[in-house]
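Residues in the sequence shown are numbered consecutively from 13, following this note's numbering.
For the record, the hints were derived by calculation from the structure and aren't laboratory data. The beta carbon of each residue, even a glycine, is placed where N, CA and C say it ideally should be. Be a bit skeptical, because a hint or two may be false.
Stated by the list, open to error - Now the in silico label distances, taken between C-beta atoms and shown as ranges:
#1 Leu-66 - Gln-115: 16 to 26 angstroms
#2 Gln-89 - Gln-115: 38 to 48 angstroms
#3 Trp-111 - Lys-61: 33 to 43 angstroms
To be verified - With a straight-line Cα cutoff of 27 angstroms, these simulated DSSO-like cross-link-like pairs (lysine-lysine) come out:
#4 Lys-61 - Lys-93
#5 Lys-63 - Lys-81
#6 Lys-63 - Lys-93
#7 Lys-61 - Lys-90
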Amino acid sequence: MAVKRSALGNNPLAQGIFSKTEPEEESLIKNQESITINQESSFLIDGEKEKINLRLSLELNDWLDNLLKQGKRKHGQKIAKEVWVQAALELFRAMPINWEEIQTEEELRSTLLRLESRIKSQDNQ
13 MAVKRSALGN NPLAQGIFSK TEPEEESLIK NQESITINQE SSFLIDGEKE
63 KINLRLSLEL NDWLDNLLKQ GKRKHGQKIA KEVWVQAALE LFRAMPINWE
113 EIQTEEELRS TLLRLESRIK SQDNQ
């Protein structure tokens with residue numbers, strides 16, 4: 013008995029000319045490590061981290077998004093928002109201000125304005 017053949021010939025894709033490639037195990041491990049590092053960034057202090065919810069004004073969030081975008085364009089990578097917030101808090105903590113004495117948002121606002129004024133006056137000297 014003769015085998016029936018197609019008039020167009022054999023389908024090259026049916027023969028499996030394309031084969032799925034499997035990445036090497038080392039490559040997989042390296043990718044997983046980089047994903048882990050990106051998910052939990054650390055800044056100045058290593059150790060246990062706690063996730064928190066943080067609300068920012070639209071203006072401040074837009075400024076921060078723009079900062080990240082510009083950093084990505086200029087330097088090829090961006091610094092995560094949480095790292096910027098950590099840096100700001102580390103800077104606050106380093107200031108010669110007794111933050112624990114501040115009782116209201118108004119006191120905080122006036123303290124920040126005084127601090128801004130002192131920094132700007134030092135820059136002008």
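The hints, checked one at a time:
Remark: the range hint 16 to 26 angstroms for Leu-66 to Gln-115 is upheld by a beta-carbon distance near 22 angstroms. A C-beta distance of roughly 41 angstroms is found between Gln-89 and Gln-115, which places it inside the suggested range of 38 to 48 angstroms. Between Trp-111 and Lys-61 the CB atoms are about 21 angstroms apart, so this pair departs from the stated range of 33 to 43 angstroms. Taking the CA atoms of Lys-61 and Lys-93, the gap is about 15 angstroms. The hint holds against a cut of 27 angstroms.
Our distance criterion of 27 angstroms between C-alpha atoms is met by Lys-63 and Lys-81, whose separation comes to about 24 angstroms. Annotation: proposed proximity of Lys-63 to Lys-93 holds, straight-line Cα distance about 13 angstroms (limit 27 angstroms). With a CA separation close to 21 angstroms, the supplied pair Lys-61 and Lys-90 stays within the 27 angstroms bound.
Violated hint: 3 only; the structure is consistent with all others.
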